[in-house]
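A.B. asks: Listed below, chain by chain, are the residues.
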Amino acid sequence: MQQEPFAEVKVLDFSWGLAGPLTTKYLADYGATVVRVESPTRPGGLRVSPPFKDGVAGVDRAAYYAFFNANKYSLSLDMNHPRARDVTGKLVAWADVVVEAYSPGTMARWGLDYESLKAIKPDIIMLSTSSQGQDGPHASFSAFGIPLAGLAGFAHFTGWPDGTCLPLPSAYSDFIAPRFAAAALIAALDKRRRTGEGRYIDCSQLEAGIHFLAPAMLDCSFNGRDGGRLGNASPYACPHGVFRCKGEDRWCAIAVFNDDQWQALCRLCNPGWAQDPRFSTLLARKRNEADLNRLLEEWTLQLSAEEVMSRMQAEGIPAGVVQDARDLRSDPQFAERGYFWELDHPVLGRFPHLGQPCTLSETPARGRMPAPCLGQHTEYVCTQMLGMSDDEFLELYQAGVFGQ
Amino acid sequence: MTQHHDTDALLGGYRGLDLTDEKGLLCGRMLADLGAEVIKVERPRGDPARNIGPFYQDVPHPERSLFWFAYNSNKKGITLNIETRDGRELLLRLVEKVDFFLESFPAGYLDDLGLGYNRLSQVNPRLVFTSISPFGRNGPYRDHKASDITLMAMGGYAYMTGEPHRPPLRISQDQAYLHGAAEAAVATLVALYHRAASGRGQHVDASVQASLITSTVNAIPFWETGRVVLRRSGHYRAGLTAANQRQLWECRDGYVIFYFAGGAFGARSNAALAEWLESEGLADDFVRSIDWASFDMAMATDEVEAHLERLVGSLFQRYTATELYEQSIRRGITLCPVSAPSGIMDNPQLRARGYWTKVRHDELGNSFDYPGPAVRYTGMLEGCRRAPLVGEHNREVYQGELGLSNEQMVVLKQGGAI
Numbered sequence: 009m010q011q012e013p014f015a016e017v018k019v020l021d022f023s024w025g026l027a028g029p030l031t032t033k034y035l036a037d038y039g040a041t042v043v044r045v046e047s048p049t050r051p052g053g054l055r056v057s058p059p060f061k062d063g064v065a066g067v068d069r070a071a072y073y074a075f076f077n078a079n080k081y082s083l084s085l086d087m088n089h090p091r092a093r094d095v096t097g098k099l100v101a102w103a104d105v106v107v108e109a110y111s112p113g114t115m116a117r118w119g120l121d122y123e124s125l126k127a128i129k130p131d132i133i134m135l136s137t138s139s140q141g142q143d144g145p146h147a148s149f150s151a152f153g154i155p156l157a158g159l160a161g162f163a164h165f166t167g168w169p170d171g172t173c174l175p176l177p178s179a180y181s182d183f184i185a186p187r188f189a190a191a192a193l194i195a196a197l198d199k200r201r202r203t204g205e206g207r208y209i210d211c212s213q214l215e216a217g218i219h220f221l222a223p224a225m226l227d228c229s230f231n232g233r234d235g236g237r238l239g240n241a242s243p244y245a246c247p248h249g250v251f252r253c254k255g256e257d258r259w260c261a262i263a264v265f266n267d268d269q270w271q272a273l274c275r276l277c278n279p280g281w282a283q284d285p286r287f288s289t290l291l292a293r294k295r296n297e298a299d300l301n302r303l304l305e306e307w308t309l310q311l312s313a314e315e316v317m318s319r320m321q322a323e324g325i326p327a328g329v330v331q332d333a334r335d336l337r338s339d340p341q342f343a344e345r346g347y348f349w350e351l352d353h354p355v356l357g358r359f360p361h362l363g364q365p366c367t368l369s370e371t372p373a374r375g376r377m378p379a380p381c382l383g384q385h386t387e388y389v390c391t392q393m394l395g396m397s398d399d400e401f402l403e404l405y406q407a408g409v410f411g412q
Numbered sequence: 329m330t331q332h333h334d335t336d337a338l339l340g341g342y343r344g345l346d347l348t349d350e351k352g353l354l355c356g357r358m359l360a361d362l363g364a365e366v367i368k369v370e371r372p373r374g375d376p377a378r379n380i381g382p383f384y385q386d387v388p389h390p391e392r393s394l395f396w397f398a399y400n401s402n403k404k405g406i407t408l409n410i411e412t413r414d415g416r417e418l419l420l421r422l423v424e425k426v427d428f429f430l431e432s433f434p435a436g437y438l439d440d441l442g443l444g445y446n447r448l449s450q451v452n453p454r455l456v457f458t459s460i461s462p463f464g465r466n467g468p469y470r471d472h473k474a475s476d477i478t479l480m481a482m483g484g485y486a487y488m489t490g491e492p493h494r495p496p497l498r499i500s501q502d503q504a505y506l507h508g509a510a511e512a513a514v515a516t517l518v519a520l521y522h523r524a525a526s527g528r529g530q531h532v533d534a535s536v537q538a539s540l541i542t543s544t545v546n547a548i549p550f551w552e553t554g555r556v557v558l559r560r561s562g563h564y565r566a567g568l569t570a571a572n573q574r575q576l577w578e579c580r581d582g583y584v585i586f587y588f589a590g591g592a593f594g595a596r597s598n599a600a601l602a603e604w605l606e607s608e609g610l611a612d613d614f615v616r617s618i619d620w621a622s623f624d625m626a627m628a629t630d631e632v633e634a635h636l637e638r639l640v641g642s643l644f645q646r647y648t649a650t651e652l653y654e655q656s657i658r659r660g661i662t663l664c665p666v667s668a669p670s671g672i673m674d675n676p677q678l679r680a681r682g683y684w685t686k687v688r689h690d691e692l693g694n695s696f697d698y699p700g701p702a703v704r705y706t707g708m709l710e711g712c713r714r715a716p717l718v719g720e721h722n723r724e725v726y727q728g729e730l731g732l733s734n735e736q737m738v739v740l741k742q743g744g745a746i
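For the protein sequence lines, the chains are S and Y, in the order given.
Residue numbers for the first sequence follow the working numbering, so the first one is 9 and each next one is one higher.
Residue numbers for the second sequence follow the working numbering, so the first one is 329 and each next one is one higher.
Hints may be right or wrong, so weigh each one.
[Said to hold, decoys possible] Mimicking DSSO-like on lysine-lysine, the simulated pairs with C-alpha atoms at most 27 Å apart in a straight line are:
hint, chain 1, residue 1, chain 2, residue 2
1, S, K98, S, K18
2, S, K294, Y, K473
3, S, K254, Y, K425
4, S, K126, S, K18
For the record, the hints were derived by calculation from the structure and aren't laboratory data.
The model shown is predicted, which means the values in this text are computed figures rather than measured ones.
Construct all of the structure, not just a fragment, from the sequences and the given hints.
C.D. replies: Rendered as structure tokens:
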């Protein structure tokens, strides 16, 4: 086993929610020492949101938090305690990277803005991730991710043409921004190694998220058009949709883009369709799309979603089961690629922690540690990483800095 | 026009070849935006991604694809037919000079041409070779045919999107490949970072399907802890609260998204909304009886939720989406409008931050607003260069870089290599 890419990198993570911790996840999974600083009195949203082990709420019982936070240490710290700075100063001096996701201005109130960090550690790299960026009239407006997915345009493009627009099922831009933020962060680390200089990085989830709608945004700026929701249709493929299969709420997605795929689909489902003038060309199929979808669904209804997928794939037609959470957990592709790290969590027991979607041939990401319990590593971080003496730690502990 | 591979840029000095199609174009774009010199390698008549709409003024033409523009800005472009011998030779010579190589061909295609990872890493042991594919390069689905909708299905997001009584839904703008390409960009940088220590490149194998799992948030944790499958819930919200909570609300001229957040996080926003209801004469004794600081909406019953929904619904009906958003910002309520692209272009926050970036398209006789930097950082490169024309940088790369003569260029052109 080679040394991990970020084996020497130390990350001080003040972030909470999803966007920040997902950004530091890349660093943790590829070997960095990531210390999450967590509030004992106001723990982050993932620690207080369901689902919990046995349905009983508790910060260390939150499976949501555990799923996304393998490989990290947790230090509990009451940031509003008068002596919190005794600890944060040491943490900053220790760190290469500081990540935070508070509303703009919060870090400055704690004396932890970029200029202050630089005074302690001149080559520090700092990332602030927020809903809408560090400046501007709406900077301090804290919108959660689901409303933000409306502001960023995704809800406008989701829904059926005969219905309303629809909210997305998750805080969508929370999952987009971390890629852009992590790319900038790693590039900054690389630059620092070459030049010795740190950076400040400002990631706005709104601004990053819009890049996933860039063609639609250009359609507006070049053509003055707003576009809209298409259900499951595609402007240039037919049939193209999600088709009901045998069983309760089981579906398979099918997409036919060219003549070869169409001919293959006819061979598989109904050779008569190939001769039918309603369906012989893409333009004809688009005109009679509703009829074709109905006929195809009559065929898919006879089979399980898995069977539809495998028969379609055998003919070279793009098709995929609409997988629910149970399917994802038993997906043979994820199993083969080791995507879920089964780690022994102190409270949850053996629990799948999310891995990395890319496989690196020489330095693959690894699940080294389960997600931490809140404050699990407070003493370890202070004494082993920051070099506090036992007395020093005990004194701060008794002063209540760590919240106990 | 800004110089885009300034050595001061974060990735200044790094160079790469981008042989991806629509599955991977964003990866190279992200690296180019951070200052790497990214050369898009297209087949001689232009990349198939140039056929993807929408098109400027709705005229389908390879130099008018807005999809192409969106994900190839800041790159250079050359043409090369790697299915010819000369083309392969040229590619190998270029591979010697670059740091990373991005591809999204079907499994085995490059190996069959003698241009797979093993061969290229012999030519350049420091090369980071990144593959972006629907399911990754190993596993039982490695050869499965895929598209955006089949991947949104296999990655778990479609099942959760849509209305309970209708089929699962995809987002109407292609998304799946963007997730995969963005993951690949991060992983490519991990490998480049590692290379500085190890001296060696490696193979980065990105799976689009896997890249979609983070977006399913707590679906897998719910299954894992209680064997609960989170389903699509339309205008409501599943999984985080005891009651079904409305998320999508009709207002005077459109829709807004708002929900009563639970716990301490929601307390402030919920109390502010109650105050607004009061000032509009819509609060009743029930609303007044709630102590919002301690009331946890996550635990509220369906009756409570339905009662509040009636009152809040009538408040929202009184205003436009813009008015509601302005009020919410002032009052600290976690509400956002459902914006269409034109609304996003008018968004005052984005305007104030100077988000929109003018990009010159001399060939189209105009400049156009593009989405600006996805992240900002000290010393960031300003501005953005339009996507390359077909073969725009052939001369610069083949003659300037590889030293081919005019005569050789003519031969290669006629031989169909470039």
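A.B. asks: Indicate, hint by hint, whether the structure satisfies it.
C.D. replies: Against the structure, the hints:
no.: 1; hint: K98/S with K18/S; result: holds, 13 Å
no.: 2; hint: K294/S with K473/Y; result: holds, 22 Å
no.: 3; hint: K254/S with K425/Y; result: violated, 54 Å
no.: 4; hint: K126/S with K18/S; result: holds, 16 Å
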